[in-house]
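Chains as they are written, first to last, in UniProt numbering: chain A, 1 to 246; chain B, 1 to 246; chain C, 1 to 246; chain D, 1 to 246; chain E, 1 to 246; chain F, 1 to 246.
Hints may contain errors.
To be verified - With the C-beta cut set under 8 Å, the calculated list includes, among others, these residues of chain D facing chain E:
id, residue
1, R96
2, S104
3, D107
4, T108
5, G208
6, P214
7, D216
8, R218
Stated by the list, open to error - Chain A residues, not near chain F, derived (Cβ > 12 Å throughout):
id, residue
9, T12
10, V51
11, L55
12, R96
13, A110
14, E146
15, I162
16, I173
17, V187
18, L242
Unchecked claim - Which residues of chain C face chain D? A partial, calculated answer using Cβ under 8 Å:
id, residue
19, S25
20, G26
21, A28
22, L42
23, T44
24, T64
25, A68
26, L70
27, P71
28, R72
29, E81
30, S82
31, I87
32, V117
33, D121
34, L123
Please keep in mind that the hints were generated in silico from the structure rather than gathered at the bench. No residue lacks a Cβ here, since even glycine has one placed at the ideal position from N, Cα and C.
6 protein chains.
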Amino acid sequence: MTDLVRSDGRSTGQLRPIVIERGWSGQAEGSALISFGNTKVLCTASFTNGVPRWLTGKGKGWVTAEYAMLPRATNERNDRESVKGRIGGRTHEISRLIGRALRSVVDTKALGENTIVIDCDVLQADGGTRTAAITGAYVALADAIEWARGKKFVGQKSQVLIDSVAAVSVGIIDGVPMLDLAYVEDVRAETDMNVVVTGRGLFVEVQGTAEGAPFDKRELDALLQLGVDGCAQLRDLQAAALAPEA
Amino acid sequence: MTDLVRSDGRSTGQLRPIVIERGWSGQAEGSALISFGNTKVLCTASFTNGVPRWLTGKGKGWVTAEYAMLPRATNERNDRESVKGRIGGRTHEISRLIGRALRSVVDTKALGENTIVIDCDVLQADGGTRTAAITGAYVALADAIEWARGKKFVGQKSQVLIDSVAAVSVGIIDGVPMLDLAYVEDVRAETDMNVVVTGRGLFVEVQGTAEGAPFDKRELDALLQLGVDGCAQLRDLQAAALAPEA
Amino acid sequence: MTDLVRSDGRSTGQLRPIVIERGWSGQAEGSALISFGNTKVLCTASFTNGVPRWLTGKGKGWVTAEYAMLPRATNERNDRESVKGRIGGRTHEISRLIGRALRSVVDTKALGENTIVIDCDVLQADGGTRTAAITGAYVALADAIEWARGKKFVGQKSQVLIDSVAAVSVGIIDGVPMLDLAYVEDVRAETDMNVVVTGRGLFVEVQGTAEGAPFDKRELDALLQLGVDGCAQLRDLQAAALAPEA
Amino acid sequence: MTDLVRSDGRSTGQLRPIVIERGWSGQAEGSALISFGNTKVLCTASFTNGVPRWLTGKGKGWVTAEYAMLPRATNERNDRESVKGRIGGRTHEISRLIGRALRSVVDTKALGENTIVIDCDVLQADGGTRTAAITGAYVALADAIEWARGKKFVGQKSQVLIDSVAAVSVGIIDGVPMLDLAYVEDVRAETDMNVVVTGRGLFVEVQGTAEGAPFDKRELDALLQLGVDGCAQLRDLQAAALAPEA
Amino acid sequence: MTDLVRSDGRSTGQLRPIVIERGWSGQAEGSALISFGNTKVLCTASFTNGVPRWLTGKGKGWVTAEYAMLPRATNERNDRESVKGRIGGRTHEISRLIGRALRSVVDTKALGENTIVIDCDVLQADGGTRTAAITGAYVALADAIEWARGKKFVGQKSQVLIDSVAAVSVGIIDGVPMLDLAYVEDVRAETDMNVVVTGRGLFVEVQGTAEGAPFDKRELDALLQLGVDGCAQLRDLQAAALAPEA
Amino acid sequence: MTDLVRSDGRSTGQLRPIVIERGWSGQAEGSALISFGNTKVLCTASFTNGVPRWLTGKGKGWVTAEYAMLPRATNERNDRESVKGRIGGRTHEISRLIGRALRSVVDTKALGENTIVIDCDVLQADGGTRTAAITGAYVALADAIEWARGKKFVGQKSQVLIDSVAAVSVGIIDGVPMLDLAYVEDVRAETDMNVVVTGRGLFVEVQGTAEGAPFDKRELDALLQLGVDGCAQLRDLQAAALAPEA
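Using the sequences provided together with the hints, build the complete structure.
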């Protein structure tokens, strides 16, 4: 892989500046305002006792997520989905992705019959909103679980989180695989992939799409490697954010 | 009026700490993240050329507003209006109030056939979200108009803003009129009033509601006076936020 | 205050001809077809045992209201909200206002765990539909409570209604405060205010809006006085309509 | 056919008292408040220049209808369709029926490129609301056409209405065919039929449904004859209502 | 009645080729893919224990139907009703018609507290989709009842079906009554009628509409006779499809 | 890879029986009823001149897709999305996937300003409905393009299709990678992947999800290889279906 300098000065395998403001919200059981460069997502975790009716009595908890964008998070204003009266396909798709990613690291039996809803609201969008959302949502989730442990809604020794999870976008631009695409890069990418990886380095989700020309196995492998490396860095930043203050 | 100390230590006629982060959003033509204590509202102003069809060709501009709350802005999570597929009455009512308040200080002829949409999204709610929204929205609006002037969409000397506008809540608790109610105060208030006042001290909107017992003219007068005084302080804070940096 | 003659010959402090046809509907537990001049609103009160789930077991009743307009109540036909699939902000806002006004004079404990829904359907609109609706809704409500007393759903001596309530619009036209604006006056008003007042002369709701120029305290006081006087006349007309026939 | 006396004292072939209050609405181009006994329907006709896009440029007009019921038109309150956010199948079905019935007597070429929307709002329901609506709608339609002629939107000699149209319900109760069923009869009917007939006595619509046992040709013929006779009476009442005052 | 040859070579009283593929679906409790010429409707019957809440505890079952068209069942593509977010009036009307037709031959007490939902999805439309749907739905319904009998959800000797039911369209083209109109005929018909008839030859539903000129009693009688004869043929084809294989 | 026999007797790398009934619909410009075992999807292609407004005047065409399931395509009946009034996230997600897959092999400039809408309606579902839909949709698309060439809406020599495209599901069950999962296999799979591959063997879309445990690179590679091999077989079956009859 070449080491070209990008429009913002990054190397091809370099993340944008990542900032995780843990506990941004004073009201949620867990929260994080995460920035991937100019992309800013507010993630809040809401813990409630009980589970949806279809899960009642099975001794398992439920974790789900909802993603949305403020109307002026983007360069041009978009109509609100509440005003349009319907949720778009993209919103649905990303909400489902975040939920699956989080559930992959949760032991729902250890969670008990409790529900955690993660809201990921994009305050500012500059590419990679879904991967920032997953990465920040994990921090909010971890705090909500600790909150519930404090309240004895979850056992003192229950290992609800069996691993951490983070996500990053990768793509091929002018034939060169690159990590963590900003919006200006995203629109130029021939291939666009989102990779969700656990702290141990295993895949939870791989979603690659040829936006321009179809891609081959060699390109796919290069993208996966970049993504795995990027997620390892994000894992370390999550751990630092969650570390007790010295 | 007595000078009791409130749960947060304020006197009856004292505002909560007000913070106006002008230009919070990197993408909107104007923006402000405004805090009234723990109430935080992100206000963005989106400027576009042209007006809605029903106004076309009349030589006038259009200013409108949309208000919404993030699902976990409050102590308990609320379902998203986009998920419910319909906007609630409270949301509609507040959006319309903000729009009217802003239009009262805009000379739509001086604006020309341009549209400004103000989005007020409550990130955290602790009482007085609609009054914080109006107060912050004015700052975002003022910046969007200056942006448009810079782009020559608005004449160099056009006085689009004919005054400033701010808003504050007042209420009667245990018989005592108080300024700028926090949520714990709001739920205890017998009478609740929102006052929208121009920089010159004239009323744009007065909305008083007896939540408990009906109120008399003397109580009404005391509330109005508190509101006018509070808005004068907010006007000065808006002016400071909008002042060019020295 | 001057005593100009208006387009329909009224003095500035004079109501339009008010007609209250009590018991217009043969099916509702209480009803009134009320006219404020050419504004005609059919108000029906539907009494049912039980309360909404969120109020169950608290020993209190519930009173709520829904306002709507027939599509051709106005000079130009409006699309039905059922056809549009959504209720507009104005409809929501007025329904909420009517419900609050009625609840301000109801002792919900004395009502017991029963629900009264008031439907206010505007058959013809000529300004002041919301104030006519409140004034007529009170009559329908009073009759529904007596019906319930007859059925022993409410105690023989329970004082469910602790006062009466009426409403009227006031406004400033060409600098002159006027009572009970007809539509042609309403569109010309610089300031428009709706005042909801109990039989004892206390305020339940004060909603003043500067449609043109902002208003000052002196104008506000003049409007409030006109509104209080108008509501006192409406109170007497309500009492006459509700009086047992001699 | 026997001549039994019914619960309200009518003979089997007798209509309920029919009242047509022509011009009830002061705002619509044509209107009628029609009563079939306790069933009351307000019919308004709204005339506008132009036609829907799919009909533009064909030199033809358009006539359509919308039917709805007030929530407390019935013995028990029904939720508003605007609140439910969707129009029910029954409402759709009746609106379409009324529109077809009216169009059957309109020469759309003579109408020119104009649209007439007929709103039929049931203020009180006691059986036969759709047939009362058609019968009253014809009167409102006739007046709207004359209004348009006065405004020269329709030629002075254009024969827009090629016939009149009325409708009535018929049904079999305890084996006996009966005309114009009230609600208490309707729910007991084994077979229920709505017949729409022109002034000249021709069928526009025949809708017969076996609610209980299926019916045979002899029963069908008896019902049709009753319906034709009832519509002839309604035709005469329509003509009387539309007659110029002496 | 004359015996003209039609565009597809049929005589005026001749059905199109009718094919009933019983058991087309491997998953439903009963199913049939029915063709009336090029009109193809997939009918599935879904049996579940229990009834809707409003019917619970009355010892009766419930049979209902839903009709829909694939977007490209017709010559030009129609938008999906799911995409439009609302069901059209025509769809509602036909679903209700199918449900009534089926319920007319079901003894709901013999069915017990069970529900059968019949879905009729038009895969290809060439006129007469609602009558094909009713005719095919009966076959699916009969099989679902036998399935339930096999599962002992319905008594071994319960006579749930008290008759069979079929439907066909008839119409007048150029003054000539004709049976089972194809789409090209339907659009030319002056009068259009759908007739639903039981196996014993009694009427369940008669719906005649003057599309062009109104019709008289003689024409109505001719159409009814054609419809009764056509339904007798369909009844025999249903019986053959349901016959146990030799 | 081991060669276990599966519940339906297939080896791990074997497709279910694939049947492509090209031209099933008599009305669409292109169509195919495709079966992957018991999964049956009706794919129709609707060709129209012109493009959506946002694409007008750019000299390019548009290809889009809509996916839906009949309510009783599955073992238990699902409510219709048209009745629910909203489209679910899964439906949106799959519709978007099919559209992207098809567009990846279309030269939209060669298509000219024309639109092709592909409807994929699942008549019966037994796993792999989205991959069957893509594979069948390609056949419908190819025929619609040839139809348009015949009508001269597309140039005689324009190469609109630059490759073919097919899709298949792969998954890991009990640690063993398998091709083309039936429903009973799908629910047991630890990892589930859909692979969309062009005729030349390049990837268009790779969507892998850990339903149970996360997966590693070796497992991912095994799944991709199975998928590429499966798509090569499907490509040959598509070519055979599209071959001119001898």
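Chain E contact restraint on R96(D) - CB to CB distance below 8 Å: 5 Å, holds
May I ask you to test the interface hint for G208(D) with respect to chain E, counting a Cβ-Cβ separation under 8 Å as satisfied? 4 Å, holds
Interface hint compliance - V117(C) to chain D, C-beta minimum distance less than 8 Å: Given a least distance of 6 Å, the restraint on V117(C) holds.
Going by Cβ atoms only, is G26(C) closer than 8 Å to chain D? 6 Å, holds
Is the shortest C-beta separation between L123(C) and chain D less than 8 Å? With a closest approach of 7 Å, the L123(C) hint holds.
A closest beta-carbon separation below 8 Å is what the hint needs, so does R72(C) meet it against chain D? 4 Å, holds
Does the nearest C-beta of chain D fall within a distance shorter than 8 Å of the C-beta of A68(C)? 7 Å, holds
Tell me if D121(C) is really an interface residue toward chain D, meaning its C-beta lies closer than 8 Å to one of theirs. With a minimum Cβ separation of about 5 Å from chain D (threshold 8 Å), the hint on D121(C) holds.
Beyond 12 Å from every chain F Cβ - status for I173(A): 17 Å, holds
Hint S104(D) vs chain E: min CB-CB distance below 8 Å? Hint holds; S104(D) Cβ to chain E Cβ min 6 Å, cut 8 Å.
Given S82(C) was flagged as interface, is its beta-carbon under 8 Å from a beta-carbon of chain D? 4 Å, holds
With chain D as the partner, please determine if E81(C) meets the hint condition of a C-beta pair closer than 8 Å. Since chain D brings a Cβ to about 4 Å from E81(C), closer than 8 Å, the hint holds.
Checked against the numbered hints given earlier, this structure breaks hints 3, 4, 8, 12, 15 and 24; the rest are met.
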